[in-house]
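J.: From first to last, the protein sequence lines are chains P and W.
For the first sequence, the numbering used here begins at 1 and goes up steadily by one.
For the second sequence, the numbering used here begins at 175 and goes up steadily by one.
Think of the hints as simulated: they come from the structure by calculation, not from any bench.
We put the CB at the ideal spot given by N, CA and C, even for glycine.
There's no promise every hint is true.
To be verified - According to the in silico footprint, chain P covers these stretches of chain W (three or more CB under 8 Å from chain P):
(1) 202-215
(2) 219-233
(3) 280-293
(4) 301-309
(5) 315-324
(6) 332-341
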Amino acid sequence: MAGLSDFVLPITLVGILGYGIFKGVDVFGEFLTGAKEGLTTVVNIVPAIIALMTCVGMFKASGALDGIVWLFSPVAAALQLPQEVVPLAILRPISGSGALVIYNDILATHGPDSFIGRVASVIEGSSETTFYTIAVYYGAVKVSKTRYTLSASLSADLVGFVMSAFMVRMIFGF
Amino acid sequence: MMKWIFFGLCAISLLFGAGLGRMGEVSSAVITSGGEAIQLGLTLAGAICLWSGVMRVASQAKLTEQISRLFSPFIRLLFKGLSPKSEAAQAICLNISANLLGLGNAATPLGIAAMSKLSELNGHSDTASDHMCMFVVLNTASLQIIPTTIALLRANAGSASPMEIMPASWAASSASILTGILMVKLLSSLRGRKGSLLYGRA
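Next up, chain P with everything else stripped away, as it sits in the complex:
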């Protein structure tokens, strides 16, 4: 599987560029336009990362993060989740940049190829910023009564988190 997964990015790149040329697209010019839009995205997220890196960094240094992990460890144990990913699971639906900061910190602390690092990667890769999405989409059409949207989304997130740990155990045999 490891060998096969190394093909994914190069094939995607060549496939999309090749399809673009086949369709008569100026692939280099369009790439440059898109990459420039990417820079705007980066400029937009960096201030949020600075804010969150600072408050998450303080939270971790003060020992409060250990407190949260300890507080939720029975829940994590019941769901078969490693307790170190609990802060990520809590922040993931609320803040995309916050989750990114915590995720990067987990990789630095536990290593990307550890059980914890892999579970955190799968959680980060298989979920979205639920609250933000709901706010943007319903806000755009002025819907205030969202009915069961939040409960359905959050149960989907929870099942995703539990499945993340389960799948890492299945595939990597921890």
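Chain P is already provided as a structure; the job is to place chain W on it using the hints.
T.: Frame of chain P; chain W shown alone:
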């Protein structure tokens, strides 16, 4: 929401740091975190620009439209009663294929377009329709096939195989999406019955 998280995390850190005698560590976190954030931003910048460029090529080549054609039978199943030829259904298909490709910048405007079409069908009510709930729940689940940002951060942290988590990620996403769909179907039929009871009484 975010202002309370920002302030709350800082204030709680102050209390814990003072209580546990770890103010030295807390203080140095304040000093160094900004720089670390810029470093993380720089790490992300290259990959974000690269994939924004590639995905711009994909959308100019109308790849999103091609993929969205594959998805229309699936959409028909999830959005019962919505004509597959309607503008709403087309916007939904485009949004979902943009999400699959990881085209975050394109997916959001397409999604908002789909929401406003669904809102038209719903008489611009301030209460979400079942179709709207289904659509938003699909968007709160991750549909991205290739997690480029995660692969980058894993590689950066020294992973031997940054992409190896992909199959696990697909399985977890699928379970999550399936749960979302089932919850929407279940909750909409429950509320639907309650609604018809009320109408019956009136």
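J.: Each hint should be assessed against the structure and marked as holding or not.
T.: Hints versus structure:
1. 202-215: holds (count 11)
2. 219-233: holds (count 12)
3. 280-293: holds (count 7)
4. 301-309: holds (count 5)
5. 315-324: As far as the stretch 315-324 of chain W goes, the hint holds, because 8 residues have Cβ atoms under 8 Å from chain P.
6. 332-341: holds (count 10)
When held up to the earlier numbered hints, the structure conflicts with none and fits them all.
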